[in-house]
Amino acid sequence: MLHRLRLRNFRCFEALDCPLQGEVTLFAGNNAHGKTTILESICMLLRLQSPRAGTLSEVVRLGEDGFVIEGDFSGRQLMFSLSGQRRQMKVDGDISKNRASYLAETGLVVWMGNDDLALVRGGGDVRRRYMDFAASQIYPGYRNALRAYNRALRARNFLFKRDNRPRWEQIAAYTKLLVKHGTVIAEARADLIAALCPSASHAQSGISGRDESLGLNYLRSGGEDLATAYEQNADQDSRRRQTHIGPHRDDLILEIKGLAAGQFASEGQQRTIALALKLAQAEVLREAKGADPVLLIDDIFGELDQARRNALLTYLPKSSQKLITTTHLDWADDAFLTASQRYLVDGSGVC
Amino acid sequence: MARIDFPEEVKLLIAHLKRLPGVGPKSAERIAVWLIARDGGFSDDLAKAIMLSGEVIKDCRICGFFESSVIGCELCADLQRDTTMICVVEQPTDVLPLERTGAFKGSYHCLGGRIAPLDDIAPEDLRIDSLVSRIAGGCVSEVILGVGSDVEGEATANYLAELLATGFPDLTVTRLAQGLPAGGGLDNADELTLYRALDGRRRL
Ligand SMILES: [Zn+2]
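If you read the sequences in order, they're chains A and B.
Residue 306 in the working numbering sits at position 306 of the first sequence; the count goes up by one each step and never skips.
Residue 131 in the working numbering sits at position 131 of the second sequence; the count goes up by one each step and never skips.
Any given hint could turn out to be false.
Listed below are several chain B residues computed to face chain A (Cβ distance under 7 Å; list not exhaustive) [unchecked claim]: (1) Leu52; (2) Ser53; (3) Cys73; (4) Pro117; (5) Leu118; (6) Glu154; (7) Ala155.
No lab work stands behind these hints: they were computed from the structure.
Note that the structure is predicted; figures quoted are calculated from it, not measured.
A virtual CB, placed ideally from N, CA and C, is assigned to each residue, including glycine.
With the rest of the complex left out, here is chain B:
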């Protein structure tokens, strides 16, 4: 007697779901079964939303934030922003909590990660060249390093601080004040903590 398992199609769905961040084998099965049981076009809507965001959303070539092929990069398009200040963060999602504080009116630069040799991420894998060209080509007076406060974040901040100090002696380079959650990225920090971190940033 053959051992009965999920049909092939469902197994494939589970295999894809398992690759999502934070989804383990058990949750993947639960989500798959839930999706199959849904009618009324939910799965169609979900598939369309995934496809559409994949087609429309790219990384902005200038700042690394989300760029939509419909409206462009909202950050770069915003002429009210103070372009003499750039806050450097790891991920586009780190911009949102900083924006919510309302304390920062400058522009952003999303590196796309942090330097982490043990995870095989080198400086070349990050948007460092485009950061350098932005500074070289413009009127930037201050760069705020808003990368995380864990070991890799600190190492990335050290690396950038040295690189910028060598390349741009007149540039002010600051670091968000301590008080960000140890070991966590920016998206774990609450608004008040971030506000204080911005306000108390220190010169490197």
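With the rest of the complex left out, here is chain A:
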């Protein structure tokens, strides 16, 4: 549980000090007034990555040289900062050696956002990000394998593009790395999807109020045996001058009653699927790690119809801390409002 958040030079906030208490905190405010920024900073404090920024420097306040995020998380003082090019992580004042040792001390996160609909409607990259975000929190070594895989992939593709006649001995050196790291990634994802499937299906039926079975399948573009797959696709890779199978092309197949959800589900069903995937993620994280993830819920209540909203409210895990942004509070009933901590966000601070 995050008890306090402090920001310095983070996007629109020069300084922010925000005590947090209770199961639910609501951040209300107009668009572009920094509500999402608060959730983003919490995600970065706990996971060292932003759900929306590509680079760390993007979140630095205009004209400043770096940022500081601090939090009091379950009795530990966490700090993540950037100063110039130098980033630093601290737990209880001690500098963490690397990202992995810091992340081992922080908390789990589930991000629920308005653009989660892209999980159903968007391309495979959205679903791969979803799998990667969850898998990095569960499987030690996943994050490193993913980084190494991506670097090896860039090098291999570069070799195909650079030479008219492929230098196979060099390409093979990188193929071996794709097999090594790709196998770690694919096995973790398959394991993750198997764990998500029952929870997601359960949440789908619960929120929609109908018996809608949701199917999740991990589709491996290269099959189970990556070494053989890369070998068999070598000629095609060489012709197309890029690596076209492997975890970077795998996908998560979503089916509702056996039909492809992206094409055949209604918009309402698709919104429910997006919610179900995130709720399942929360449950799987809790089961795998024995700790409650923090739920960062960005501006989704205003978009849901009343039935789904109420179903979601009853479905949100009781034991998890929930930080919720919203433009208006019309959807919330009195009991919910009384039980929640409330802040108004106005672009430079909270009150």
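Once you have looked at the hints, place chain B with the ligand on chain A.
Coordinates of chain B with the ligand only, in the frame set by chain A:
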């Protein structure tokens, strides 16, 4: 009114200092100002030391380690070394931490870098040919791949392992055991880690 900056000579000094590894614009200015304020011949001594090491020190044509025109390559000159074993490393500086462990009595081969297509470093840019001739011409029975454990290091190890297995079927090729700092070269590893890495090397 003209905007005042450092004199041209100082700007040139700063420009050169900025090219040194790990020296940013601010540090370059600080070092330059510090050097100018120094008297008692420090700058002269520094310039001489740089010139001398540039003139005297070359890469050994056999193993790639530092070779001095005064005493030659200390590694190649050392007759006590076991020449049936060669430990292949990226840089000459990687030899020193391995030597400090005292666990390795064989000879070394410094590649001068690692294969990194994204940084435009190809196998031809490295001392791979001379490694092959050393093995072809001698009584080498084991080659230990002591290149780094990051992606480029691993790719270089894979490349060399394949090349040597094809060219020398009887040669034993081993890799330093895992446990080296991920993403770092050998010079980041402490002695105990290196000792264990050498001791637990595995056959490829
Ligand atoms: Zn030598």
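Hints versus structure:
About 34 Å separates the beta-carbon of leucine 52 of chain B from the nearest beta-carbon of chain A, more than 7 Å, and the hint is not met. Look at serine 53 of chain B: its Cβ only gets to about 30 Å from chain A, farther than 7 Å, so that hint breaks. With a cut of 7 Å, the hint placing cysteine 73 of chain B at the interface with chain A is violated, because the nearest CB-to-CB distance is about 29 Å. Of the supplied interface hints, the one on proline 117 of chain B holds, with its beta-carbon coming within about 5 Å of a beta-carbon of chain A, less than 7 Å.
Annotation: interface hint on leucine 118 of chain B holds; nearest CB of chain A at approximately 5 Å, less than 7 Å. Interface restraint check: glutamate 154 of chain B against chain A, minimum CB-CB distance 6 Å, threshold 7 Å, status holds. Interface restraint check: alanine 155 of chain B against chain A, minimum CB-CB distance 4 Å, threshold 7 Å, status holds.
Against the hints set out earlier in the document, violations occur for numbers 1, 2, 3.
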